[in-house]
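**Q** Residue numbers (my numbering), protein chains in the order written: chain A, 1 to 490; chain B, 491 to 980.
Quick caveat, the hints were computed from the structure, so don't treat them as lab data.
There could be a bad hint or two in this list.
[As the list claims (entries may be wrong)] Listed next, the in silico DSS-like pairs over lysine-lysine satisfying Cα-Cα at most 30 Å (straight line): (1) A/348 with B/544; (2) B/545 with A/134; (3) A/348 with B/545; (4) B/821 with A/296; (5) B/494 with A/348; (6) B/969 with A/57; (7) A/255 with B/547; (8) B/740 with A/98; (9) B/834 with A/446; (10) B/547 with A/57; (11) A/289 with A/263; (12) A/348 with B/753; (13) A/325 with B/547; (14) A/55 with B/745; (15) B/624 with A/57; (16) A/57 with B/545; (17) B/813 with A/98; (18) B/821 with A/3; (19) B/740 with A/57; (20) A/348 with B/624; (21) A/189 with A/469; (22) B/624 with A/55; (23) A/134 with B/779; (24) B/624 with A/315.
Chain by chain, the residues:
Number of protein chains: 2
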Amino acid sequence: MSKKITSRAEDYSLWYNDIIQHADLAENSGVRGCMVIKPYGYAIWEKMQAELDKKFKATGHVNAYFPLFIPKSYFSKEASHVDGFAKECAVVTHYRLKNSEEGDGIVVDEDAKLEEELIVRPTSETIIWDTYRKWIQSYRDLPLLINQWANVVRWEMRTRLFLRTAEFLWQEGHTAHATKKEALEETDKIINIYSDFAQDFMAMPVIIGSKSENERFAGALETYTIEALMQDGKALQAGTSHFLGQNFAKAFDVKFATKEGTKEYVWATSWGVSTRLMGALVMTHSDDKGLVLPPKLAPYQVVIVPIYKSEEQLKEITQSVVKIKESLEAKGISVKFDDRDTHKPGWKFAEYELKGVPVRLAIGMRDLENGTIEVARRDTLEKETLQMEDIDIKVENLLEKIQNNLFNKAIDFRNENTYMANSYDEFKELIEKGGFVYAHWDGTSKTEDFIKNDTKATIRCITFDSEGKDGKCIHSGKKSNQRVLFAKAY
Amino acid sequence: MSKKITSRAEDYSLWYNDIIQHADLAENSGVRGCMVIKPYGYAIWEKMQAELDKKFKATGHVNAYFPLFIPKSYFSKEASHVDGFAKECAVVTHYRLKNSEEGDGIVVDEDAKLEEELIVRPTSETIIWDTYRKWIQSYRDLPLLINQWANVVRWEMRTRLFLRTAEFLWQEGHTAHATKKEALEETDKIINIYSDFAQDFMAMPVIIGSKSENERFAGALETYTIEALMQDGKALQAGTSHFLGQNFAKAFDVKFATKEGTKEYVWATSWGVSTRLMGALVMTHSDDKGLVLPPKLAPYQVVIVPIYKSEEQLKEITQSVVKIKESLEAKGISVKFDDRDTHKPGWKFAEYELKGVPVRLAIGMRDLENGTIEVARRDTLEKETLQMEDIDIKVENLLEKIQNNLFNKAIDFRNENTYMANSYDEFKELIEKGGFVYAHWDGTSKTEDFIKNDTKATIRCITFDSEGKDGKCIHSGKKSNQRVLFAKAY
């Protein structure tokens with residue numbers, strides 16, 4: 001079975017699917033829009049989870065678990081939220097199956113109809129704020145800093161592995177605060193955690209900013225986002241942090257007694273990243289040869305392939321490999337030694353290239369004689385033969401170099417594909433080319449809608465440092481005090 | 491708000507609920523039968539997950555993720571499985587809601603009816619084996635050793651926090667093997683992992699054995715179980731490991747090419763433990779004062795409470811506490827320093843007793859002068875004043891002592907409540923008293939059913955070491971070659 005990858009130039013979308021498939025990350029299941037995350041893909045997700053979880057806990061957050069199902073009526077309580085979320089969703093209406101009377105299989109038991117339908121959570125604000133009402137009485141109970149790792153379901157019509165699936169995995173933080181200021185600080189703190197994670201671990205540069213009203217989360221007063229640029233010139237929203245004001249506290253009647261003895265509504269935030277990050281990771285670094293992984297998220301950072309002709313040679317090589325492996329592992333480097341005799345070295349090389357393992361070591365009899373080892377890096381595809389001495393230090397340095405190189409390469413790509421548009425014609429031309437386009441905007445939904453309909457570009461975010469630079473809206477010509485970031489997006 | 495705990499003698503069931511509630515482990519949600527796992531409870535579950543995950547990975551297993559939904563037709567493919575699982579379950583029939591035409595809220599959109607209903611997974615054998623068909627072609631693809639951490643839903647009529655809930659969290663392992671022998675070895679390996687985890691981490695003694703045919707998993711040829719004894723004399727099944735033979739391979743047509751070139755059906759196992767373990771943990775160690783946690787699973791193993799009258803005193807005490815905390819943490823001990831000024835020391839003492847924190851340190855001004863510290867252990871409720879010197883070593887030893895003491899106490903309890911019955915009258919009397927009862931059984935379902943209907947006791951397991959000791963069935967008087975373990979059970 002050949003594992004040929006379509007080139008990006010040929011068909012970007014096929015390229016993406018080929019990588020997901022051939023690097024064994026995920027596949028479609030027998031259930032429409034739901035994916036199976038395969039062990040290799042899941043191992044990357046576990047690494048993401050571990051790092052994010054550490055960051056959340058280091059900033060005082062704790063994990064909890066809330067129900068998968070939400071009663072239909074909960075959604076109606078927050079007016080803007082219901083329009084955004086309670087539409088395309090999985091609805092549980094019955095709780096029993098039975099053998100059909102015709103004896104041809106099992107059917108829904110109509111006697112087991114739920115009095116109120118349950119929605120499989122598309123996001124958990126409503127059920128969580130219904131719970132918080134019981135947990136919050138006084139200022140002593142605040143802040144409440146809770147996160148949940150969970151699966152959610154949104155009945156998407158067009159799905160793509162990792163990027164848009166009916167069921168996906170995510171974390172959703174839901175915090176409650178005594179003051180607006182504190183809630184805003186939390187919203188900001190989290191978007192910075194997301195940004196740090198994306199840049200330091202995924203080696204994926206992101207731009208932080210706030211969403212325009214059109215693009216905000218349903219029920220939020222403010223949505224902060226991190227936006228990354230994919231290799232096809234499209235933007236990908238990689239994480240969002242929402243300031244929810246007192247909307248959910250009012251909808252679910254969550255008040256607290258202040259120190260002064262008055263009763264006030266609680267201030268809220270919510271925030272999340274999902275398995276969508278897996279798609280972002282793939283599209284940020286991979287090439288026409290397959291997946292490319294930043295060392296910090298690679299399930300194994302180093303693979304060692306023995307080159308041998310006989311059992312005896314393998315034995316000798318193995319002795320040497322065991323030592324190398326131990327010295328690398330002592331430095332916290334994860335290593336796979338692939339000594340399977342069912343596959344040839346060439347096959348293995350191709351396999352690990354496809355799977356994006358950052359560093360490949362190969363060692364044969366001549367290496368043993370010469371005290372050398374072949375070191376290949378996945379990012380640049382360069383290889384060289386090094387002296388075995390201090391190989392642990394050399395590999396450690398190389399992994400750091402690869403991590404940095406991937407980030408720098410992605411930054412360079414973004415810089416090369418980021419533009420300033422000063423007229424609407426110029427804007428249209430640049431958007432057609434693909435990439436990030438900064439342009440002045442008059443701040444109205446009307447203009448935003450027009451541009452979206454006309455060019456498919458949306459405002460990805462209003463960056464925090466863009467204010468105070470006056471100009472004229474590229475479309476309406478009206479006064480603008482900021483350039484905002486436009487792009488076509490996933 | 492008083493946090494009074496009902497005593498076990500007064501009402502065991504209320505006692506259990508009081509502990510879950512007042513130790514902040516979990517609560518019922520607005521969704522029937524679904525619980526909210528609160529941060530403190532979830533932190534214990536996370537510790538369980540981490541340890542189990544480590545053991546699974548150390549034995550070559552990897553994690554993956556399969557869809558939440560299973561098409562109804564999948565269940566019909568394995569005959570005995572459908573009867574066991576596809577009955578009381580959550581059924582998704584629609585994928586959209588809409589605003590009602592009367593304008594009074596949202597209703598199910600009848601135009602968005604699914605062609606085939608989806609079942610929220612009660613367990614994942616069917617969807618996983620449907621996937622394995624694509625993954626397994628040759629003996630080179632075997633064994634496949636996959637685990638999944640997930641939520642599942644079984645529409646239980648009578649629910650109890652952690653012990654029996656409609657939605658619960660669990661891990662489910664699903665492995666595929668080339669030979670029957672290998673699959674049986676896997677089944678055995680896993681039940682021993684569960685047993686080691688229960689005994690070494692939960693400090694909960696368990697008995698390993700196989701289930702009688704009546705009590706087997708739907709679709710299994712053999713079910714191994716670990717059974718623990720709760721303080722009310724009832725047994726709790728804490729984990730199961732199933733040998734599935736070739737049943738699922740045949741149902742989903744999963745064959746592999748052997749080394750010899752023939753085609754054979756794959757051999758399967760599945761195994762799982764769930765948040766039910768949380769209920770087992772509570773009921774194994776807790777007392778009338780609240781939760782008691784084994785140190786290895788306590789979210790924090792040590793809490794330090796300062797005793798002070800002024801800000802200045804707190805400052806002085808804090809200086810000393812910071813050093814103690816650091817020295818404990820250097821030994822890998824998790825410590826909480828509760829310096830909140832919103833609560834008095836007495837309140838804090840009661841709170842941590844309720845929450846089962848293994849060791850409590852208290853330190854006041856006189857301690858600072860004398861170089862002493864008060865050390866209280868939760869398991870025995872003893873306290874003593876110790877010299878501050880080497881406090882890290884003293885606490886480390888104490889934690890180990892507590893872990894062992896809890897296990898030994900539970901073993902003693904089990905020994906005191908384990909009986910041999912030699913006649914049916916004796917059996918009935920002992921079962922009524924509560925506890926484990928070993929008795930001879932003729933091996934028939936008929937006898938088993940009779941005993942169950944008559945006494946509510948079931949065969950918990952057939953222990954592996956019980957064979958070859960001949961006797962006569964306590965009920966039928968027929969020949970028996972083993973005593974089996976009976977009890978009333980959760």
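**Q** Does each hint hold? Answer for all of them.
**A** Against the structure, the hints come out as follows:
1. A/348 with B/544: Within the cut-off at roughly 27 Å; holds.
2. B/545 with A/134: The hint is violated at about 38 Å.
3. A/348 with B/545: Distance ~28 Å between residue 348 of chain A and residue 545 of chain B Cα, so the pair holds.
4. B/821 with A/296: Given pair residue 821 of chain B, residue 296 of chain A holds - Cα atoms ~27 Å apart, limit 30 Å.
5. B/494 with A/348: Violated. Residue 494 of chain B to residue 348 of chain A sits at ~64 Å, over the 30 Å cutoff.
6. B/969 with A/57: violated, 60 Å
7. A/255 with B/547: violated, 46 Å
8. B/740 with A/98: With Cα atoms ~24 Å apart, residue 740 of chain B and residue 98 of chain A stay inside 30 Å; holds.
9. B/834 with A/446: Violated, because 58 Å separates the two Cα atoms, which is more than 30 Å.
10. B/547 with A/57: Roughly 24 Å between the alpha carbons, so the hint for residue 547 of chain B and residue 57 of chain A holds.
11. A/289 with A/263: Since the Cα atoms of residue 289 of chain A and residue 263 of chain A sit roughly 61 Å apart, the hinted pair is violated (cutoff 30 Å).
12. A/348 with B/753: It holds: about 26 Å lies between the C-alpha atoms, which stays within 30 Å.
13. A/325 with B/547: holds, 18 Å
14. A/55 with B/745: Roughly 45 Å between the alpha carbons, so the hint for residue 55 of chain A and residue 745 of chain B is violated.
15. B/624 with A/57: violated, 39 Å
16. A/57 with B/545: holds, 24 Å
17. B/813 with A/98: With a Cα-Cα distance of about 64 Å, the restraint between residue 813 of chain B and residue 98 of chain A is violated, given a limit of 30 Å.
18. B/821 with A/3: Distance ~49 Å between residue 821 of chain B and residue 3 of chain A Cα, so the pair is violated.
19. B/740 with A/57: violated, 46 Å
20. A/348 with B/624: Given that 30 Å is the threshold and the Cα spacing comes to 22 Å, the pair holds.
21. A/189 with A/469: Holds. Residue 189 of chain A to residue 469 of chain A sits at ~26 Å (cutoff 30 Å).
22. B/624 with A/55: The given pair, whose Cα atoms are some 38 Å apart, is violated under the 30 Å limit.
23. A/134 with B/779: Answer holds: residue 134 of chain A to residue 779 of chain B is near 24 Å, not above 30 Å.
24. B/624 with A/315: violated, 35 Å
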